[in-house]
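Asker: The chain contents come next:
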Amino acid sequence: MHLDLETRTRKDYIREQKSLHGRKVMGVFPAQYPRELLLAMNILPVEIWDPPLRTREASAHLQSYICSVVSLGLELILQGKCSDLDAFLFPHTCDSIQNLASIVNDYLGIHKPCYFFYHPKAPYKRASRPYYISQLKELKSGLEKQFGELRETDLKRSVDRWEEIRKDISKCYLLRSEGRLNTSNRAFYSILRRVEYLHPDDFHPLLTNFLQSGRTETERQGHGVLLSGVLPNPPEVLDHLDAIGVRVVDDDLLSCSRRFLSGPVSNSDPYEAMAETYFSLPPCSTRGSAIEERLNHILKKIRSSRADGVIFLIVKFCEPEFFDVPILADSLKKEGIPVLVLENEINQALSGQIVTRIEAFAEMLG
Amino acid sequence: MKGWVIGIDVGSLTTDAVIMDEDKRVLSFSIVDTGYNSTDAAREAMTVAAGRAGLELEDVSRLVATGYGRAAVPEANKRVTEIACHAAGAVYLFPDTEMVIDIGGQDSKVIKVGKDGRVQDFVMNDKCAAGTGRFLEVMSAKLKIPLDGMGDISISARGEAAISSVCTVFAESEVVSLVARNCPKEEIVKGIHRSVVNRVWAMTRQLRVSGGVTMTGGVAKNRGVVALMEERVGRRINVPDEPQIVGALGAALFALREK
Ligand code: SF4
Numbered sequence: 106m107h108l109d110l111e112t113r114t115r116k117d118y119i120r121e122q123k124s125l126h127g128r129k130v131m132g133v134f135p136a137q138y139p140r141e142l143l144l145a146m147n148i149l150p151v152e153i154w155d156p157p158l159r160t161r162e163a164s165a166h167l168q169s170y171i172c173s174v175v176s177l178g179l180e181l182i183l184q185g186k187c188s189d190l191d192a193f194l195f196p197h198t199c200d201s202i203q204n205l206a207s208i209v210n211d212y213l214g215i216h217k218p219c220y221f222f223y224h225p226k227a228p229y230k231r232a233s234r235p236y237y238i239s240q241l242k243e244l245k246s247g248l249e250k251q252f253g254e255l256r257e258t259d260l261k262r263s264v265d266r267w268e269e270i271r272k273d274i275s276k277c278y279l280l281r282s283e284g285r286l287n288t289s290n291r292a293f294y295s296i297l298r299r300v301e302y303l304h305p306d307d308f309h310p311l312l313t314n315f316l317q318s319g320r321t322e323t324e325r326q327g328h329g330v331l332l333s334g335v336l337p338n339p340p341e342v343l344d345h346l347d348a349i350g351v352r353v354v355d356d357d358l359l360s361c362s363r364r365f366l367s368g369p370v371s372n373s374d375p376y377e378a379m380a381e382t383y384f385s386l387p388p389c390s391t392r393g394s395a396i397e398e399r400l401n402h403i404l405k406k407i408r409s410s411r412a413d414g415v416i417f418l419i420v421k422f423c424e425p426e427f428f429d430v431p432i433l434a435d436s437l438k439k440e441g442i443p444v445l446v447l448e449n450e451i452n453q454a455l456s457g458q459i460v461t462r463i464e465a466f467a468e469m470l471g
Numbered sequence: 164m165k166g167w168v169i170g171i172d173v174g175s176l177t178t179d180a181v182i183m184d185e186d187k188r189v190l191s192f193s194i195v196d197t198g199y200n201s202t203d204a205a206r207e208a209m210t211v212a213a214g215r216a217g218l219e220l221e222d223v224s225r226l227v228a229t230g231y232g233r234a235a236v237p238e239a240n241k242r243v244t245e246i247a248c249h250a251a252g253a254v255y256l257f258p259d260t261e262m263v264i265d266i267g268g269q270d271s272k273v274i275k276v277g278k279d280g281r282v283q284d285f286v287m288n289d290k291c292a293a294g295t296g297r298f299l300e301v302m303s304a305k306l307k308i309p310l311d312g313m314g315d316i317s318i319s320a321r322g323e324a325a326i327s328s329v330c331t332v333f334a335e336s337e338v339v340s341l342v343a344r345n346c347p348k349e350e351i352v353k354g355i356h357r358s359v360v361n362r363v364w365a366m367t368r369q370l371r372v373s374g375g376v377t378m379t380g381g382v383a384k385n386r387g388v389v390a391l392m393e394e395r396v397g398r399r400i401n402v403p404d405e406p407q408i409v410g411a412l413g414a415a416l417f418a419l420r421e422k
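Those sequence lines, one after another, are chains A and B. The numbers in the first sequence follow our numbering, run straight up by one, and end at 471. The numbers in the second sequence follow our numbering, run straight up by one, and end at 422.
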């Protein structure tokens, strides 16, 4: 019997994907990776961002000043909760993920294949595109040894499919920024974040249904903010914004728009198309984008979504973000845009002080 | 019915109430310990303040609650953050205020305020005890000097002990070493105050304000801290007669505004 998507746990879902569809499952660490390639090989990527755990054993392997995305990811492995996964993929996101990759692959002795994906960092040069394509092909060859040959036609189909999904994600963002999507902050991200583990066969209908049922012509009420940072966690921040009538009208989150809102694809070669997607992604701290580019991107979003302010939701000790955030926050303030920087551990309950800061920020908006 | 209103500030250490009339005159105020039950503390503070004003609680037409325990005041008509309330209260008392420094028991805040009393930006130290009243409390216990006597002691100091650590735990061990080396008490206290001031001053710099500065919160009663802060910001600081009730005062102003 199929359990409803709403009630099925991620574990049940993974098991069902394996038993019913014969899929292999890859545990993928943040952030950017070619999901089209994995899906074309009938491998379901399950992303590991914020497992609902407490750090217990991981502290023995990590410095105390590491981000909780990494410490909880390692905890998940150490607590033996990855037994259904067939392999791990570590994209080259930041030094912390690199270190994690090395701990898992070289020292833990967990006997699970580990794959690595290197992508070029900005500023992009003439060699960046060929390099990116060579990395895609290298990953493909590595995966083929474990999971069997990838047919070009399957890859093409998978690229087209992801392009369709991305278009619908973009539509959701557009409608939301225009105030024509009737949804709570919590509901929006809870749907969007299902992309982190659902197969397109399940995710795409969910998304289109959300899109259709949420369309509205009524004007946006209350204040709107743009959410930047790593990921929309803790979700209680979203709940609290909902409770005080503040709508997230757009985002610049690493786990969301920075990975999904790329430009349209025109190339028919699947590798070229994937490269096109990658190089048209919004600027990001983990891809080495210049700060001016990030600032202009955020300003453009603020204007188009008529956001009244910006909230940076930063994971404590996230190195790439902390390089940019002080400068971004300062520059935005100079432009007269109210800014709130919240620093939190993943899954950490909202303290009274954070609640106060969110409410005081909302009061400041008027 | 007369237009009396109450503002109530339920803080982590004390709960304060201010009763105001519709001409924005303060009729009475009260300060009680919050204890473990914020709702009871709020009732007690309101009852005491009402008694002092010669009123019954039923005479009050509107109640605004602020502070960490603002949600625990079921009678409140509205809840406003202490950040907005301290700003409104400070501008009411000192209209030249452009920056409010509130060093409270558990955290400290620096608020940039517009002429209309509205918050334009704020910074909060919510990570540790450094730069808060809690830091001073720990040190006063260590040195066996009553908290409210620390200000006068430090004013009399001729020298100043250097306390390099901002962390309460490490600073405590520095103080222990200073005591062991027979460093004069007043110089240690001045060093402790300097440590609090440096921490808060770093926050003030983020807001880049050149106008009037008002200090609120219990620590504003400490003359030693205020003197060092004035030295740091390079101008005189406004200190209310009752710096602890500024949050409740701001809440009362919000209550009047909403009427
Ligand atoms: S939160 Fe920041 S430091 Fe941690 S994995 Fe993500 S990008 Fe890297």
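Don't take each hint at face value.
[What the hints assert, rightly or not] Which chain B residues stay away from chain A? Per the calculated CB distances, all over 10 Å, these:
#1 T202
#2 V243
#3 R281
#4 S303
#5 E405
[What the hints assert, rightly or not] Lysine-lysine pairs mimicking DSSO-like chemistry, simulated, CA-CA at most 27 Å apart:
#6 K275/B x K421/A
#7 K186/A x K230/A
#8 K275/B x K438/A
#9 K230/A x K116/A
#10 K275/B x K439/A
#11 K275/B x K241/B
#12 K278/B x K438/A
#13 K439/A x K278/B
#14 K129/A x K230/A
[As the list claims (entries may be wrong)] Each pair of labels, with its calculated beta carbon distance range:
#15 G198/B x L470/A: 30 to 38 Å
#16 E324/A x G217/B: 46 to 54 Å
#17 L220/B x S289/A: 47 to 55 Å
#18 R115/A x G397/B: 42 to 50 Å
Because the hints were derived from the structure by calculation, they are not lab data. Using N, Cα and C, we set each Cβ at its ideal position, and we do this for glycine too.
Asker: Range first: 42 to 50 Å. Now tell me if the beta carbons of R115/A and G397/B are that far apart.
Answerer: 57 Å, violated
Asker: Are the Cα positions of K230/A and K116/A separated by 27 Å at most?
Answerer: 42 Å, violated
Asker: Is the straight-line distance between the alpha-carbon of K275/B and that of K241/B 27 Å or less?
Answerer: 23 Å, holds
Asker: Do the beta carbons of L220/B and S289/A sit within 47 to 55 Å of each other?
Answerer: Taking Cβ atoms as reference, L220/B and S289/A lie about 38 Å apart, which means the hint is violated.
Asker: Assess, step by step, whether the Cα of K275/B is no farther than 27 Å from the Cα of K439/A, and give holds or violated.
Answerer: 14 Å, holds
Asker: Just to be careful, I want the Cα atoms of K439/A and K278/B compared with a cutoff of 27 Å; is the pair within it?
Answerer: Answer holds: K439/A to K278/B is near 19 Å, not above 27 Å.
Asker: Holds or violated: K278/B with K438/A, Cα cutoff 27 Å?
Answerer: Given that 27 Å is the threshold and the Cα spacing comes to 18 Å, the pair holds.
Asker: With the threshold set at 27 Å, check whether the alpha-carbon distance from K275/B to K438/A stays at or below it.
Answerer: Between K275/B and K438/A the Cα gap is close to 13 Å, so the pair holds against 27 Å.
Asker: Decide if the proposed pair is consistent with the structure: K129/A and K230/A, CA atoms, cutoff 27 Å inclusive.
Answerer: Violated, at about 36 Å.
Asker: Going straight from one Cα to the other, do K275/B and K421/A come out at no more than 27 Å?
Answerer: Roughly 26 Å between the alpha carbons, so the hint for K275/B and K421/A holds.
Asker: Between the beta carbons of G198/B and L470/A, is the distance compatible with 30 to 38 Å?
Answerer: The hint (30 to 38 Å, Cβ to Cβ) holds, given that G198/B and L470/A are roughly 35 Å apart.
Asker: May I ask you to check that S303/B keeps its beta-carbon over 10 Å from the closest beta-carbon of chain A?
Answerer: With a cut-off of 10 Å, S303/B remains clear of chain A, as the shortest Cβ separation is near 24 Å.
Violated hints for the displayed structure, listed by number in ascending order: 2, 3, 7, 9, 14, 17, 18.
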